[in-house]
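**Student:** The task is simple: from the sequences and hints, build the whole structure.
Read off the chains here:
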Amino acid sequence: MTKNTTLISKPLQPVQRAIVVGASSGIGAALVGELANRGYIVAALARREAELNALCAALNAPAPGAARVLPYVHDVTETAVIPALFQRIVQDLGGLDLIVYVAGVQPAVALEEYDLDKDKAMIDVNLIGAIAWLNQAAVRFARARHGHIVGISSIAGDRGRVGSPVYNSSKAGLNTYLEALRNRLAKKRVTVTTIKPGFVDTILLANAPKTFWVISPEEAAQQIGAAIQQKRHVVYVPARWGLVGLVIRHIPSFIFRRLSF
Amino acid sequence: MINKSVQPSSNHKSYALPAVLPDEHLEVVSGWGESTRGMSYVYRPSTLEALAKVFEIAAQSGRSMAMRGGGNSYGDAFMNNENIVLDVRRMNRVLEWNPENGRIRVEPGLSLHELWQYVIEDGWWPPVVTGTSKTTIGGCAGMNVHGKNAWRKGTIGEHILEFDLMLPSGEIITCSPTENSDIFHAAIGGMGLLGCFTSLTLKMTRIYSGFLQVHTQAQADLSSMFDYFHAYVDESDYIVGWMDAFAHGRALGRGDVHRAYYLPEGDDPNPSQSLRLDNQHVPENLMGIVPKSIMWLGMRPFMNNAGTQLINMAKYYAGHVGGGKVYLQTHAAFHFLLDYVPHWKKAYGPGGLIQYQPFIPKENAQNAFADILRVSQHFDQPNYLTVFKRHRPDSFLLSHALDGFSMAMDFRVTRGNQSKLLKLTRELDEIVLAANGRFYFAKDSTVRPEVAEAYLGKEAINQFRALKARCDPHNMLQNNLWRRVFGNEPV
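So the sequences go chain by chain: A and B.
In case it helps, the numbering used here puts the first sequence at residues 1 to 261.
In case it helps, the numbering used here puts the second sequence at residues 1001 to 1491.
Any given hint could be a false lead.
Straight-line alpha carbon distances no greater than 25 angstroms define the calculated SDA-like cross-link-like pairs of lysine to any residue that follow [what the hints assert, rightly or not]:
| id | chain 1 | residue 1 | chain 2 | residue 2 |
| --- | --- | --- | --- | --- |
| 1 | A | 10 | B | 1455 |
| 2 | A | 188 | A | 143 |
| 3 | A | 188 | B | 1042 |
| 4 | A | 10 | A | 39 |
| 5 | B | 1345 | A | 143 |
| 6 | A | 231 | B | 1415 |
| 7 | A | 10 | B | 1448 |
| 8 | B | 1423 | A | 13 |
| 9 | A | 231 | B | 1020 |
| 10 | B | 1420 | A | 13 |
| 11 | B | 1420 | A | 14 |
| 12 | B | 1053 | B | 1017 |
| 13 | B | 1134 | B | 1344 |
| 14 | A | 10 | B | 1433 |
| 15 | A | 10 | B | 1071 |
| 16 | A | 187 | B | 1350 |
| 17 | B | 1423 | A | 38 |
| 18 | A | 10 | B | 1474 |
| 19 | A | 10 | A | 47 |
| 20 | A | 10 | B | 1416 |
| 21 | A | 10 | B | 1418 |
| 22 | B | 1345 | A | 13 |
| 23 | B | 1134 | B | 1097 |
| 24 | A | 188 | B | 1315 |
| 25 | B | 1423 | A | 39 |
| 26 | B | 1346 | A | 143 |
| 27 | A | 188 | B | 1020 |
| 28 | A | 10 | B | 1465 |
| 29 | B | 1153 | B | 1180 |
| 30 | A | 120 | A | 135 |
| 31 | A | 10 | B | 1346 |
| 32 | A | 10 | B | 1328 |
| 33 | B | 1346 | A | 142 |
| 34 | B | 1315 | B | 1221 |
| 35 | A | 188 | B | 1134 |
| 36 | B | 1345 | A | 38 |
| 37 | B | 1134 | B | 1328 |
| 38 | A | 188 | B | 1017 |
| 39 | A | 10 | B | 1462 |
Hints listed in this document are in silico derivations from the structure and should not be mistaken for laboratory results.
**Tutor:** Written as structure tokens, this is what we have:
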């Protein structure tokens, strides 16, 4: 029998509980800290155990005995375990109010490269993993008539560009999936937020050719935290990328074909 | 029923994965006061085999399990966030009934409503009833409830002759004051933490009329309220006070008292008529016009400090004008006031309500209640509905009962007042503990571990834990209240 230690819930002292999938570095790690600072109890999921444990240890250090962040080692491509792991985490937390899917990969892809292994890895982590986790959350939140689903997508999902066809596709797929969830769940009082960061100083950026307006993961997490609190629907991070997104989405194809980015 | 446990292929030493429970069992479960809510996997077995199966499911899925009866505990006593809630309401048969001696054996999910309807035409009434008839007998036993005759008839546990209890192992044991008496005295009031009642035998009270003789009298302040109780407890069969918690200064504690008497044999010229089921029904419409099912909507605008102050004042003066009235009222109408306006709790709004009900020994009660009323007024959190009762001690391990008085106070909860309300109850706890008072888990939302230890005593708690370890060695039986007050680590 599994050891059963559901966190204590107290009337008049409601606690918000969150899951962050993809928490070992970058935006995910920063977001775990941001949510913990905002008073959430956070289940942090990541593939890399050492980084994850270090993150949790650092965040739990100020208040020993009252863990705010619980670590779970998980590879999002192992979709078969997700239903059981989801239930286990929510059981440990004693409930769930928020789930944020952050996990994402962007291997270096050359301009003329068509590598199915790399492409599949991006679809598996950026899209299939998101669907596997957020489907679980959608079922539960609809039954609870309460909850908030957040997907960290990218401005890269707004158009298909020469440099990263499948990364763009994975994020475009995520955008559409999140939009559909939002439309399905609006009647059930569930909020769905699509976050579209521009350039954030993470390992993903190492493979980006040209960068500008780069912000730190902490700044990004702070803005995402605010967007969650405001229950926004689609948010560019930072906001000025919204203008860029608007322009990019409206560039006619005959011009877009001639652009080199 | 449930899927086979799936284990991750990579090396996950840090956690084990339980078998997945199907989503269709996932329901929102909130205490009756609706001030706290959670999700649980709810199972409603109707047979002993199905009940045993739920214990198996809990074991296989690594879940704890809480017992739920009618779901009328105000706080978190039957909640069990993200674990299993066993709702006994489909186990609701009358198993044996003897109209000669008033002994009845029932399944735990039989509601009080079903029980009194079953026995009344034979001239019997349940010895102890709650203010709502939606409670179940299993729930009443698990919380060891009392009624408006608590000083005379005690808690319901005193009228339970015997019960059968299914342990998590599936074994069923019989308990009575003489057989397994330690478990008997712990399971009654034990919140379903030792096992699930599968049958309970109770003794009903003989009545000779479908009516009670009711006397009402307005009381100008707290001391006249106490004087009135002292004067009448020896002779009344039921007595209950209502207080206007907004009244302050010299009027502090003013209110109304209702006392009631069974009619002696022969007083009712036609008992066979007054005991008939149809004559016990409460009217469905207010003054024949407003359907009761929407009456709470009319109360909604008054559920703030100013509005309830007005209502309480109006109620007091109405009682004053009509004070000293004597009339006949049916048993059902006298007892089940809380059912009179269905869904009235919705008038409290989305934040719901909590009840704070301290029990204070008789010698300290008057001063302590005066302090409690003053402190809640000082916090600007006056309680909207305040009910006053007399009690006597009993022999159950986690009991609230004592030789004294209780004052049940309903507080509205809003998003903005939670921390203030919490601070208020912390201060009231001090007053109650200083007066050697106790608390009642059926009503509780705020008792802390140190408070429970102070009034129950370490020894009683350890005794309970030891019995729990014996009945439930894997600590499967839990609920939110148990974890909050007694911790979430295995004993």
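**Student:** Now tell me if each hint is right for this structure.
**Tutor:** Against the structure, the hints come out as follows:
1. 10(A) with 1455(B): holds (20 angstroms)
2. 188(A) with 143(A): The given pair, whose Cα atoms are some 8 angstroms apart, holds under the 25 angstroms limit.
3. 188(A) with 1042(B): holds (20 angstroms)
4. 10(A) with 39(A): The hint holds at about 15 angstroms.
5. 1345(B) with 143(A): holds (23 angstroms)
6. 231(A) with 1415(B): Roughly 18 angstroms between the alpha carbons, so the hint for residue 231(A) and residue 1415(B) holds.
7. 10(A) with 1448(B): Within the cut-off at roughly 10 angstroms; holds.
8. 1423(B) with 13(A): This hinted pair holds, its Cα atoms lying about 11 angstroms apart.
9. 231(A) with 1020(B): violated (30 angstroms)
10. 1420(B) with 13(A): With a Cα-Cα distance of about 11 angstroms, the restraint between residue 1420(B) and residue 13(A) holds, given a limit of 25 angstroms.
11. 1420(B) with 14(A): This hinted pair holds, its Cα atoms lying about 14 angstroms apart.
12. 1053(B) with 1017(B): holds (20 angstroms)
13. 1134(B) with 1344(B): holds (14 angstroms)
14. 10(A) with 1433(B): Holds, because 21 angstroms separates the two Cα atoms, which is no more than 25 angstroms.
15. 10(A) with 1071(B): holds (18 angstroms)
16. 187(A) with 1350(B): The hint holds at about 18 angstroms.
17. 1423(B) with 38(A): holds (22 angstroms)
18. 10(A) with 1474(B): holds (24 angstroms)
19. 10(A) with 47(A): violated (32 angstroms)
20. 10(A) with 1416(B): holds (16 angstroms)
21. 10(A) with 1418(B): Judged against 25 angstroms, a Cα distance of about 11 angstroms means the pair holds.
22. 1345(B) with 13(A): holds (21 angstroms)
23. 1134(B) with 1097(B): holds (21 angstroms)
24. 188(A) with 1315(B): violated (41 angstroms)
25. 1423(B) with 39(A): holds (20 angstroms)
26. 1346(B) with 143(A): holds (21 angstroms)
27. 188(A) with 1020(B): holds (24 angstroms)
28. 10(A) with 1465(B): Since the Cα atoms of residue 10(A) and residue 1465(B) sit roughly 21 angstroms apart, the hinted pair holds (cutoff 25 angstroms).
29. 1153(B) with 1180(B): Status holds; Cα separation ~23 angstroms.
30. 120(A) with 135(A): holds (20 angstroms)
31. 10(A) with 1346(B): This hinted pair holds, its Cα atoms lying about 21 angstroms apart.
32. 10(A) with 1328(B): violated (44 angstroms)
33. 1346(B) with 142(A): Satisfied, since the Cα-Cα distance of roughly 22 angstroms is no more than 25 angstroms.
34. 1315(B) with 1221(B): holds (14 angstroms)
35. 188(A) with 1134(B): violated (29 angstroms)
36. 1345(B) with 38(A): violated (32 angstroms)
37. 1134(B) with 1328(B): It holds: about 24 angstroms lies between the C-alpha atoms, which stays within 25 angstroms.
38. 188(A) with 1017(B): At roughly 29 angstroms apart (the allowed maximum being 25 angstroms), residue 1017(B) and residue 188(A) break the hint.
39. 10(A) with 1462(B): holds (23 angstroms)
Hint compliance for this structure: hints 9, 19, 24, 32, 35, 36, 38 are broken, all remaining hints hold.
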